[in-house]
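> Line by line, the protein sequences give chains A and B.
Per this note's numbering, residue 1 is the first one in the first sequence, and the count goes up by one each step.
Per this note's numbering, residue 472 is the first one in the second sequence, and the count goes up by one each step.
Don't read these hints as lab results, they were simulated from the structure.
Keep in mind the model is a prediction, meaning the values are calculated, not measured.
It cannot be assumed that every hint is accurate.
Only pairs whose alpha carbons sit at most 25 Å apart, straight line, appear in this in silico DSS-like list of lysine-lysine [unchecked claim]:
| # | chain 1 | residue 1 | chain 2 | residue 2 |
| --- | --- | --- | --- | --- |
| 1 | B | K921 | A | K448 |
| 2 | B | K726 | A | K351 |
| 3 | B | K899 | B | K726 |
| 4 | A | K465 | B | K921 |
| 5 | B | K833 | B | K733 |
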Amino acid sequence: MNRSAFLLAAVLTAASASAQTTLPAVGAERPFAPAPRSERTLPNGLQIITLGHATVPKVSAILGIKSGLAAEPVERAGLAQFVVDLAQEGTTTKSSEQIKRDVFAMGASLNGSAGQDASTFQLRGLNTTLPQMLAVAADVVRNPSFPQAELDLLKARTGQQLQAQTASPQYLNHKMFRQTLFGSHPYSRIGASPETLPAIDRASIVSYHDAFYRPNNAFLIVVGDVAADAVFAAAEKAFGSWERRALPEAKTVPLPELKGRNLVFVQRPNSVQSSISVGNFTPKRDDPRWYTLQLANQIFGAAFDSRLVRNIREEKGYTYSPQSVFQSMAQGGLYRAVADVRNEVTGATLKEIYAEIDKLRDGGPEAEELSDAKQYSRGLFVIQNASQTGLATTLTTMTTFNLPKDYPETFQRQISQPSGEAVKTGAQMLLGSMDSVVAIVGDYTKVKDQLTGFSSIRFFDLTGKSIPEPK
Amino acid sequence: MRFIAALPALLLFVTASVPAQTFTVAVDYFKLDNGLKVVVSTDRSAPVVLVEVIYNIGFRVEPKGRTGFAHLFEHMMFQGSANVKKMQHVALIQEAGGIVNGSTRFDYTNYFQSLPSNGLERALFLEADRMRSLDVTAENLKNQQNVVSEEVRVNVLNQPHGAFDWIEIWEKANTNWHNAHDFYGALQELEAATIEDVRAFFKTYYAPNNAVLVVSGDTTAAEVRRLAEKHFGSIPMQPQPAPADLSEPPQTAPKSFTRTDKLARTPAIAVAWHLPPRMTRDFFALSVLDPLLNSDDSARMYRKLVREDRLAMSSQGGFNFLGPNWDMKGPMLYTMRVDYFNDKTAEQVVAAIESVLDDVRKNGITAAELAQAKTTMRSSFLDDMEAGGMPLFGRSNLLGVFALFDDDPGRITTILPELEKVTLEDVKAAANRWFVPANRTSLDSRPAAKPTGPPADLSAVVSTKAEALAKVGGAQ
Chain A
1 MNRSAFLLAA
11 VLTAASASAQ
21 TTLPAVGAER
31 PFAPAPRSER
41 TLPNGLQIIT
51 LGHATVPKVS
61 AILGIKSGLA
71 AEPVERAGLA
81 QFVVDLAQEG
91 TTTKSSEQIK
101 RDVFAMGASL
111 NGSAGQDAST
121 FQLRGLNTTL
131 PQMLAVAADV
141 VRNPSFPQAE
151 LDLLKARTGQ
161 QLQAQTASPQ
171 YLNHKMFRQT
181 LFGSHPYSRI
191 GASPETLPAI
201 DRASIVSYHD
211 AFYRPNNAFL
221 IVVGDVAADA
231 VFAAAEKAFG
241 SWERRALPEA
251 KTVPLPELKG
261 RNLVFVQRPN
271 SVQSSISVGN
281 FTPKRDDPRW
291 YTLQLANQIF
301 GAAFDSRLVR
311 NIREEKGYTY
321 SPQSVFQSMA
331 QGGLYRAVAD
341 VRNEVTGATL
351 KEIYAEIDKL
361 RDGGPEAEEL
371 SDAKQYSRGL
381 FVIQNASQTG
391 LATTLTTMTT
401 FNLPKDYPET
411 FQRQISQPSG
421 EAVKTGAQML
431 LGSMDSVVAI
441 VGDYTKVKDQ
451 LTGFSSIRFF
461 DLTGKSIPEP
471 K
Chain B
472 MRFIAALPAL
482 LLFVTASVPA
492 QTFTVAVDYF
502 KLDNGLKVVV
512 STDRSAPVVL
522 VEVIYNIGFR
532 VEPKGRTGFA
542 HLFEHMMFQG
552 SANVKKMQHV
562 ALIQEAGGIV
572 NGSTRFDYTN
582 YFQSLPSNGL
592 ERALFLEADR
602 MRSLDVTAEN
612 LKNQQNVVSE
622 EVRVNVLNQP
632 HGAFDWIEIW
642 EKANTNWHNA
652 HDFYGALQEL
662 EAATIEDVRA
672 FFKTYYAPNN
682 AVLVVSGDTT
692 AAEVRRLAEK
702 HFGSIPMQPQ
712 PAPADLSEPP
722 QTAPKSFTRT
732 DKLARTPAIA
742 VAWHLPPRMT
752 RDFFALSVLD
762 PLLNSDDSAR
772 MYRKLVREDR
782 LAMSSQGGFN
792 FLGPNWDMKG
802 PMLYTMRVDY
812 FNDKTAEQVV
822 AAIESVLDDV
832 RKNGITAAEL
842 AQAKTTMRSS
852 FLDDMEAGGM
862 PLFGRSNLLG
872 VFALFDDDPG
882 RITTILPELE
892 KVTLEDVKAA
902 ANRWFVPANR
912 TSLDSRPAAK
922 PTGPPADLSA
932 VVSTKAEALA
942 KVGGAQ
């Protein structure tokens, strides 16, 4: 098409209509109605939940063990992740390479991760291969041989990985924040460390597996283009003969007390930014006040359009990706506001974060802000549960934290209920001001003049060793 | 001129060892009088829609002396238009229960929102308003220059190894400035951008006749047509400049580079090969080979570098670090990143990589591997059709880029059949043309501080024989 044709078209269209200048209203919300779930508990105690969702001819399956990092001995921190990883590196009948080849051959993926309260094996594949996928999962969790040679390789790689991670400001910040907040509580750990790595031996892996990898401590979630009868049949075949056993007594450790503003600084020479966390404890996941905290979090900084982002990104330009993280676990939770900022505005950022915290704690949300946050949360729930894996993740959360069975059906109603006063109270619980932890990873020599508001600062090097004030 | 090409329902199925399912991608395609291409993919599986506008301008084609400008401009699109104030686009989508973002890629820039379908018209109004009337102030430009500078710092300047494996390797492997400059931008060039630069870029590239609107999900073609006419129909078209010359001369000898990193504590190497032009026979052949080389722990590179030779902590690689193989138009690089042990060398890593490739060049792959790779590609394609970060995003983005590049969104349905056609001979021949030393560039990134030696446990592993790993199971 030549240029004159373009111009002619432009003139014609410009004359034919004018632009709408008013915002179209949003239509009536359509109710969120997931397909009904089918549940069955096998005689050995394995809890199975399945749901048909035929977006594409695929299926997501999550095999969960209701024990994770919090169940490991403190001197072997990271053990639960080693059990998950090494279980995939050999069983009584298959080598590591055979397991991985079997998964690849059917166009599937298998990933494992150990969280604080649960260890999960996540499978994703074509719906026609569900029985084979479950067979692989069952072999891995029931019959791992934990080969010593594979353990040696995994430990060598983990050792190098831990060294590589000491160069990452975000990793260091997360690690230091958790340690400072949780202290001796098991939630202080995020995986292996150079100190605990040598203690993770085969015997401890076998022992953890033997104690916790039991059907009466496990669940299976299957969501996809599959029928419940076929899921139950495949699950029965793969897991039916898994032997149940009494579990070790679950230990709940009380959270330590948090007093004052605790600033810890990881000295990282050559940093061009300060990586900052500010946060505190929050209630456990099944606390009924969770919805009010969730709304307070959206309003404060979790949403793109939220108070913290508007302030330190869109008004001040201090940072690219401020984040407001609210993580609830079985025994308690954490709140963390995170921002990576250029060295010169480190102190100014801390000032703004605390100003926003105090403002929401003292004043609560505006009425419109609250109704917007509710509608956003309702929509986000629909979006998060539109995919097979999204729904499977929601069901995994429900099962891990013993949420009510009608959680998906009642979420919309529950999140719509809290009053402004309730969310203000929620904000006071979510956001610590006078009692909080501040972790900074950066070059102290370039920012120290900006940290005058803190009575004492503890310093650490990249490996986590305590050091004197850097000069 | 106007037309509707409602493609018949195309069945995607292939024969392989895992029986194939049928899956239909609904595609409706039409154009408005002002040249705006519109693609609709109805899918009622959830009450959500994905609304995306894709502009035919990526970071290869940004003004010289203004590296990073295409991406900076993407940020400016959230800074307000005639009827929508700064950041109100985000707020208004959130109010409708949705999420929104944008991204700058090699050959396009996209803006997208996922939201409950009752907010469809609002999303279209917001996208139309900024396409018609972006309104940028000097203050907002300064603010976003600061934000983008922090983005570059957090993602590049303050990270160990910076962007050596996804930006610097492009600068080293390529010779045409369009393919060989810093796409994220040097800080001083980002700061040099003026409001006039922003206005000129907007007027030229952000025109309806240089864009595609994609709507997927809980809607119909008729509804989208009516709303697209209403909101986008009167936006004037703009003359377009001649396309930039992106061609890259063939590489004739291996290139290797080193860099020293002040922040890294362990070494890593990036290795790249120029890829054949998109959607050619060799391109599909290498797309089938890719998962066999680098998909997961079953892949040949992982087995060789991590397991057999114990050189590396991790190894990864692929066609496109920003998306699927199919969404680039200009010259592409196949790129690997290997994080290797402190006591090993880049030469050892490259030699091991070459031995894997040499095997493929000499012996090709097996029939079983070919079938498995095709099954894997089919499976991951279905994931793209379902989600991809947010519901229906992968599908919408592919439909959009095919409309943009080829004026044919239905091309999405040809990907799996083209992959299915690939033969053992095709893979071997393509490997011999492209995965050869003369076509290779490597960039070794070493910590400035002397590495502190191998981790304590490594010595034990090095002495462990490889056969022990191959042994089948058995408690030890």
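> Look at each hint and say if it fits the structure.
Against the structure, the hints come out as follows:
{"no.": "1", "hint": "B:K921 with A:K448", "result": "violated (28 Å)"}
{"no.": "2", "hint": "B:K726 with A:K351", "result": "violated (50 Å)"}
{"no.": "3", "hint": "B:K899 with B:K726", "result": "holds (23 Å)"}
{"no.": "4", "hint": "A:K465 with B:K921", "result": "holds (20 Å)"}
{"no.": "5", "hint": "B:K833 with B:K733", "result": "violated (41 Å)"}
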